[in-house]
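Enquirer: Listed below, chain by chain, are the residues.
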Amino acid sequence: MDIAAYISSGIIESYVLGLASEEEVSILNCIRKNNVEVEQAIAEAEKALEGLADIQAMAMPAALKQDIWNRLEAENQIVKDDQPDSLPTEEAISDDAVVQPPMLNDEEEPKRIVPARSYGWAIAASLLFLLSAGVNLFFYQQQQDSKATLAKTTAALDSQQATLAVLQDKWSLVQNPAIKTIPLKGVENKPDLHALVFWDQASKAVYLSLEQMPAVPKGKQYQLWAMVDGKPVSAGVFPLNAKEEMASKMLDVAKAQAFAITLEDEGGKDVPTLTELCVMGSI
Amino acid sequence: MSPLHNLPEETLILLLKKKNQQAFSYLYDNYADALYGVVCRIVASTEHAEEVIQDVFVKIWKHVDLFDAEKGRLYTWMINIARNTALDYRKSKGVVNEMKNQPLSNIVNTEEEQDQSQSEQHTKADFIGFRNILDKLKPECRILIEMAYYEGYTQQEIAEQLDVPLGTVKTRTKAAFLQLKQLLKDYR
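Note that the protein sequences, when read in sequence, are chains A and B.
Sequential numbering from 2 applies to the first sequence in the numbering used here.
Sequential numbering from 12 applies to the second sequence in the numbering used here.
Calculated from the structure, these hints are not laboratory results.
Any given hint could be a false lead.
Claimed, not checked - Only part of the chain A face toward chain B is listed, based on derived beta-carbon distances under 10 Å:
hint, residue
1, D55
2, I79
3, L132
4, S133
5, G135
6, K171
Predicted, not measured: the structure shown is a model, and the values here were computed from it.
Glycine included, every Cβ here is placed at the ideal spot set by N, Cα and C.
Using the sequences plus the hints, can you model the full thing?
Expert: Next up, the structure:
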């Protein structure tokens, strides 16, 4: 702000005359605290009005001095010289506070004190808020961590239970005396591959378990064949959504001398693609 | 008749806060006439002025503890108590100031007429030896100080009454103070 322009604007004189608006007064009170020139200009304007009052003074009727003194005494506003200094003020202030002239300080006094105090509270409140936010964040993260751990544990448990179920299924197949287990071994160029066919001799149901087979490429599916009298007969495709360890139920086979698996296009074929033969095993 | 003011303000404040007879005597002897002058110009009769000035002293006496030296000068503070008490009194008594009843043409007039109207006012107001330094200000400045200081008009009201923009009220206020300061210098 241009202080010289502010001083010459007439706002200070308006303020001293009691003409300034509330907004102008609050701005002025803010500036005067930080600017000696403005403070000085205010004092100058005040002195001018004081000088005016001096020059226009009028003689008070002599009797009034005693009248006023008597009234102060009657209102118990006097401190006798032998008494402590502090006595009468509190009562005096509350007593007549209503008739304060507008320019008295008591209107602005609280405004001046409150900000300093409320800054203190604001800072304390902010610190508490930050602390609280920090603690919340800490607990929130702890909780998130716990949740994640719990989820992981649950998932691990689930998968173990699933695996167990699969193993139990297979175990029950193996235990079943009617079931014949036929191991299928990798062909010449894929010696590591390995699968198991569980064939229920009573119900003719066939279950396939891919013990050691690579995951199928996209668009492909393993297809099981039963060799019946030298001819391959489809026993169905291994479901894409089935778990590797799972023994999946295939088509029933009444009679077969051997089983084989080829990698076929998704959905399977009527005749096996012999170049895609993976494993086979005879009974 | 001028107050003596030979005590620095800080000393006077300390003295007043003692609230003893010495403090009262000092306050009265040095400021009563000046404050009475302010009151007399606002309530236009000695009878009312004597009533008001007593209230003024009681208020100063009771509220001196609320005075804040950072907010202004003690003398100015006391003058404002006198002004406001007198303006409130006038309002409460329904004493409408002469100027507010006068048509505007009577307020804004030639200097010659002004002197006449001023002397009439003096007679009416029953104040003999009523020195008015304001008469020596330029008319537009005198009116402004009288309306604001002695009549309690707001800035807005002054602008409307004188039919000038608010900004002009401020610049005239500034001009009035400059003239007043010069006049005071000449008096001393």
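Enquirer: For every hint, state whether the structure bears it out.
Expert: Cross-check of the supplied hints:
no., hint, verdict
1, D55, "5 Å, holds"
2, I79, "6 Å, holds"
3, L132, "36 Å, violated"
4, S133, "38 Å, violated"
5, G135, "40 Å, violated"
6, K171, "93 Å, violated"
When the structure is compared with the earlier hints, violations turn up for hints 3, 4, 5, 6 and for no others.
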